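K.L.:
Given only the sequences and the hints, what does the whole structure look like? Please build it.
Below are the chains, spelled out letter by letter.
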Amino acid sequence: MIRKTALALAALALAAGIGTGAPAQEPELKVGFVYVGPVGDYGWSYQHDHGRKAVEEEFGDRVDTTYVESVPEGPDAERVIRQLAASGHGLIFTTSFGYMDPTIKVAKMFPDVKFEHATGYKRADNVSTYMARFYEGRHVIGTIAGHMSEANKIGYVASVPIPEVIRGINAATLAARAVNPDIETQVIWVNSWYDPGKEADAAKALISQGADMIMQHTDSPAALQAAENAEDVYAFGQASDMIQFAPNSQLTAIIDDWAPYYIDRVRAVLEGTWESQDTWKGLASGMVKMAPYTNMPDDVKEAAMEAEKAVASGERHPFDGPVTDRDGEIRIEEGETATDEMMLGMDWFVEGVKGDLPK
Amino acid sequence: MENFIISMIIAATPLLLAATGELVAERSGVLNLGVEGMMLVGAVVAFAAANSTGSGTLAIVAGAAAGMAMALVFGVLVLSLMANQPATGLALTIFGIGVSGLIGQAFVGVALEPLPKLAIPVLSDSTAAGRILLGHDAMVYLSLALVAAVAWFLARTRPGLALRAVGDNHDSAHALGYNVIATRYAAVMFGGACAGLGGAYLSLAYTPMWAENMTAGRGWIALALVVFATWKPGRVLAGAFLFAAVTQLQFYGQDWGLPVPSQFLAMAPYLATIIALVVISRDVNLTKANAPACIGRPFRAER
Amino acid sequence: MILLEPRPQPSRALTLLSPVIAIALTLVAGGLLMAAMGRAPGQALYVYFFQPIHEFWFWLTLPADQAAMWIYTPAEVVVKAIPLALIGAGLAVCFRANVWNIGAAGQYTLGAILGGWIALSAPEDASGLWLVPYLLGGVLAGMAWAAIPAFLKVRFNANEILVSLMLFYVSTQLLDFLVRGPFKDPAGYGFPESRDFGAGLIMPVMVEGTRLHYGVVLAVVACVALWLMMGRTLKGFEVRVIGAAPRAGAFAGFSRARTIWFVLLLSGGLAGLAGALEVSATIQQLQPTISAEYGFTAIIVAFVGRLNPVGAILGALVLGVSFIGGENAQIALKLPKAVTGIFQGMLLFFLLGCDTLIRYRVRLAWAARA
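Chains as they are written, first to last, in our numbering: chain A, 221 to 579; chain B, 840 to 1142; chain C, -17 to 352.
Take these hints with a grain of salt, some might be off.
When the alpha-carbon atoms are kept at most 25 angstroms apart in a straight line, the in silico BS3-like pairs for lysine-lysine are as follows [said to hold, decoys possible]: (1) A/Lys342 with C/Lys166; (2) A/Lys574 with C/Lys316; (3) A/Lys273 with C/Lys316; (4) C/Lys166 with A/Lys325; (5) A/Lys342 with A/Lys501.
Derived from the structure by calculation, the hints contain no laboratory data.
Computed from a prediction, not measured in an experiment: that's the story for all the values here.
P.N.:
Below is the structure:
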């Protein structure tokens, strides 16, 4: 009996291997995804998983996708990425900044596996990086806020002070002040990407201090809900269209749409044309999208669409000079535009932004 | 200021609900560290109920029932099987995070009307006091009523006396003819119901949505508040408001431009809790009198 | 109605058997869960529990050239178990003294912070000898952080559960502040991370091709030393007496205050060591997330190990297997993480519940009184 059980286990082990779920038909490519949050966060990880589902839909039986969620940005990440590579995944997307070093490390061990790391800057022959120019979307919402704000105060619920978040705050503020120079942006750091209660509290604090436009760079729709429950306050969705949470207050939302990129890259591996590259795309490519413009007068809607078009076509850059930081130093000269390098390391606020900024 | 106080009351409510329930469980001599897990399951079940029935009342009841179901699992383990209480409570939290995530899969990104505010026309709008005291949703008043009821129950009623006796010395309580295990089951289940309500408040009123792990550590704060309150219901109320106020200060402080890094503002609620505890604890009479002597100790009837 | 009858003596056989029964029950319950989810139960359970053990077996038995690939996962279980065992053993002693240090995660974080400060102050080409002050720094910082609840408890009678837990939250904000400010890597594009530690400050790897590091030696030595201390020395006796019967302890001339200081500094120091060790071995830089949850998981480890410091090693391995099994189940079986959490919860329920069998006989009685 014991012997039989042992044999059965050994057989199972072979069937299970590491990872092969033994599907009826072997897929051409297995694609792995590593998420920092739960897929149920309705924010960052949720949108990446949306992209994963689009890949499944596009390629059907040809690909098989796997995801591992809530992987902390520490020692666990390396093991998870390695396990995915060792279990036959040919393409692995690691979707948080903290996965950068583990991704590079594992990539060295598995030269035949392709890796795609979101938001980082380290690449290798089998490691690409990709990121979205969300700040282009922030330019559009800044423009809208410039037209819509009557209190001349934007409230910004911000997660953590990294360049990407700072860039978004600056882009929105510059655009709003281009329309209405009296506008100021008040930033409140929540020091977390994800705590709906605190996000709501921060938004409420901003509203009670007179902000009538709420922007957010955190994951949940809580800030929008706070705006919905206040009078004459409008807000912008983040990561996905959140109109169902604020049907009367969402003006638009900046949508992260990873689906086209993921489909492209999977196709490249299938066709054998995959190469290591650095992708940083915005409105033009569809990686960043604007949700329908709602709850605003027609002239504002037109201005928004015009801003969206101008940025997408490259005719306008959210960081066209002159740009002065809040200490009065000119950071971008008239006639010049911020370089990618400058934007990647942005650690200063433009004129008109109020709030703490760690040095 | 007015908005600050309103935000504070809302932020305090889930803490108050969960902490009051845990207080009763601890007063009976049972330490349940699984509050976070029970809150999460309460939150998701309440959301699911509200989403499918459209009834806020049913949703609140469902949240409480879900918390009780979780507490029952805990009760069987620690009361009937005498498993270790702190470890079982921690396991309950892991379990609850999993269960709520699984149930919640269908509700991610679904919106819900918040619980209606019980506004009384004119009165609740015309004055600041009216806006602060009136015009909240039912659960805010429920939580305040609960604190009062628990305070009265523990101090003034015979079953309350029995519960305290069980927590202070289960052997004597047993000798006096009290049913120790049944009392503790009741207290643990009550604690679960309250934690479920605290969770339900988050997913129905505070931020009407479901998102995985949305309690974000509030269960732990509720546990800390019970100790902070030295097992007195009235002090739970004070503690929850103090904690919520300092938390709100973190956001308002940034808006006012306090020249302090935001991380230090974020530390403030925890430091304030420690300082307040030290001040209270200095007087031994204040703490010793209320701390249940049998907390965490399993009981088995000799017969 | 469940009735428990005490055994005259704890059952030797069941001491060993109870974890086996617990695992068997988890297999049954887990199998039912998998079946309910529409998955093949056998495969799920294999991946969850037995794969690391099975792969370890391959590594032992296969010829060297084929064996190497199988050691990675078993080694990872041990890598995960190292900090858990270190913290868990310290907490076991602490809990034996009836002192409730719930904030080991904070002491772990402080160990990582002070260690990190030493590592970042060292020259980049520092030799491996720097690991000595580095790890000592971790121990000291953990002790210092644990000294706060100890002082407040002894001096002001402030509850250590609350103080240590609150200090955990404070420590995470402190780490956050440091990696976004003073410790931030100037060449890191503004991301909240320190620079990488120099090669000398990285714990050397023990088995090529894995992340298994020499910290395992420290963990085993610490656990065995604490076990000896608890069983063979007057200090251990003192801790146990104070924990079980403080009044009797006072008659014997033992000081409760001294014991509180001792166990908090001990468990804090070990948690700080674990923090410094983990950062040096697996993260190799400071960042906002450094797996501080180990401090909470170690509470379960201490109890699964029945508050015995050597038992903490076993408890840590069980928890390690269940974490990594959960990850593998996500990869191999595409189970959502929620399911693996439910599974882990059940395993712990059964492990804790079955321990009752050691000291009691269980009788099921229906209504009628025996």
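K.L.:
Evaluate each hint against the coordinates.
P.N.:
Here's how the hints hold up against the structure:
1. A/Lys342 with C/Lys166: 18 angstroms, holds
2. A/Lys574 with C/Lys316: The hint is violated at about 46 angstroms.
3. A/Lys273 with C/Lys316: 13 angstroms, holds
4. C/Lys166 with A/Lys325: OK: C/Lys166 and A/Lys325 at ~22 angstroms, within 25 angstroms.
5. A/Lys342 with A/Lys501: Cα-Cα ~17 angstroms, so holds.
Of the numbered hints given earlier, the model fails hint 2 alone.
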